[in-house]
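Trainee: Listed below are the residues making up each chain.
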Amino acid sequence: MADLRDGVATDCLPVRERLTELALSTLGSDERAFVERHLEWCAGCRKEAAELASAAALVGQSVPQEEPPGDLEDRIVGAVRSAAGIRAPRRGRMRVLAVAAAAAIMVGVMGVGWGVTQVQHANERLARAERQAVDFASKLHRLISSIVPKPDSRVGPQDRLKEAQLAPTGGRHGGGSAAVFISPVREDWALVVVGGLSTKGAPYHVSLRDQFGQFVYVGALAKLDSGGGGPIWKEFTHHLDGYTDVVVKDRTGRIVLAGTIAPSPVATATP
Amino acid sequence: MLSNDGPLSAREEQTLVQQLLAGDEDAVRTIYGRFGRPVYSLGLRLLGSAEAAEELTQDVFVTAWRKAARFDATRGRLSTWLMAIAHNLAVDRLRRDNGVARPSLVFMSEVPERATESGTEPVLERDVARRAMQSLSDGERKLLVQAYFRGLTAREIAESDGLPLGTVKTRLRTALIKLRRANLGKEP
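Residue numbers (our numbering), protein chains in the order written: chain R, 7 to 277; chain G, 210 to 397.
Chain G extracted, bound-state conformation:
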């Protein structure tokens, strides 16, 4: 069984997902130990309740099991894959509940920190992510928050902010590329 410390290599991630496909308990627990908290935290942020976040986390792992055969570690990291599944499922749910449970707009810099009980939070990935977010301008961060956390399409953002659709698309893409560049060299 893999430890919960240190980054995994692509080969280790591929093996882990193959074991997940077989329903291997250790593999599920290892993946949960590494990624359960960020997935749950994202669910909490997007869906607004602990109950919904728990349900989302469970759905993410079952969906990951269902799609495990298509996971290719050479194309992307396991964390990216799981977060994408989580985000897709959450946005689908937000769309279903449109107008009822959309979360309020919150800037990353305005999100209050909460001390964890264990004090052993694996902060590495989150620190990297926060530093990457800080490389963006306020405008870029706002656009990403509108799309990522509120599930607004580029067209909806363009209409609400009075910007041309092409401008919104270009700025969103630019923001993601800046994030990617800020993170280059920090991945295992």
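Only chain R is shown next, with the shape it has when bound in the complex:
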């Protein structure tokens, strides 16, 4: 039987102390995860958490009600149905110029920068990098053609493209590059191409990290191609503006590749 203090199991005490801030969304991510794990199995804490959450929702519901724009409902229907795998007409999904810029970055970085990230046998690795660049460029174009719906689309004047060059950490091998597309009116996306990784470390997990150490997951690379890598692309419904790094972790959670996201020298906007 669990120890009790003031009628509450001692296991629950650190959780109960945090339920108010959980309801008010002011817990840090680690504490939130700790509390949510406990709530999975503890009905008593779950009940109190639900009561506090319903009270917090009242605070939110008390604000003056404003009329959303008329087309927001249709956009939301489209977004949910798209997420559910049901094709729906969507506006501004992907832009050829932005993707072309991403391709230019990828090919450029892999052709020039890739070799810089390698640490041994420069000539041999450069030749390998060039082969990988050609291989990845081919994959990239296939990927682009599969995700671009309209060849006449354009990026908007506020759209931005950032890039990152991924270098190996801790004496490991491999490398890669990433493009991050950020738009105030369209879905943001991230495209990451990696290579030169060991099959022993698979699956590899790719994430973006912000300055506070919070991650957003881009995807996993379970099977590596002959170049020891492959491309990962993901579209996001929230802004990727605050993310500063791309990190690739191996199956044990160790970071094997990392790179800083910086504005791309390639212009992304057209008038």
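Just so you know, the hints here were simulated from the structure itself, not pulled from any lab data.
Positions of the beta carbon are idealized from the N, C-alpha and C atoms, including for glycine.
Be careful, since some hints might not be right.
Stated by the list, open to error - Derived CB-CB ranges, DEER-like: (1) R:Asp231 x G:Arg279: 29 to 39 Å; (2) R:Thr266 x G:Leu393: 23 to 33 Å; (3) R:Gly76 x G:Asn297: 24 to 34 Å; (4) G:Ser369 x R:Ala39: 22 to 32 Å; (5) G:Glu260 x R:Gly176: 35 to 45 Å.
Starting from the known structure of chain R, arrange chain G on it as the hints suggest.
Mentor: Here is chain G on its own, set in the frame of chain R:
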């Protein structure tokens, strides 16, 4: 399809969320019709621009779809669930933009009313919420506004107001419990 009038039962809310999970258009429109406006209004209040509020509202519905399998109507109402998702996403965004886009402190009683164009605003839930907020003291309301609308942690409030951390935590909890009690019996 459910109408937009009257409260939903727990069973109806569970069914609606199951339909949302399947991407059912009618379900999305029904949920939006009932909760789109409060979610959007919260986004506007927290994030300060119509563009950000629209983006937040869309994110809330996509996140709700993603988490739909975990929704349990016996544990809480759909409105609570959606508002919690909205608030979490907004606070996360505020933290990311820390120091850039934090909204200014606004007391509920000082928020000017704006007439809606349609004149058919579903005011029931908001009236209940406002009445519940009025049951709080000025001090309790201020604390909740600091935490809920500005995303300040209990520690940050304690430091800014010169209060012991334990006092702030206790007062925040007490305020939420008072709100909950004020609302008891008013839920369907």
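Trainee: Hints first: check each against the structure and report whether it holds.
Mentor: Tested hints:
| no. | hint | result |
| --- | --- | --- |
| 1 | R:Asp231 x G:Arg279: 29 to 39 Å | 35 Å, holds |
| 2 | R:Thr266 x G:Leu393: 23 to 33 Å | 52 Å, violated |
| 3 | R:Gly76 x G:Asn297: 24 to 34 Å | 27 Å, holds |
| 4 | G:Ser369 x R:Ala39: 22 to 32 Å | 27 Å, holds |
| 5 | G:Glu260 x R:Gly176: 35 to 45 Å | 42 Å, holds |
The earlier numbered hint that this structure contradicts is number 2, and it is the only one.
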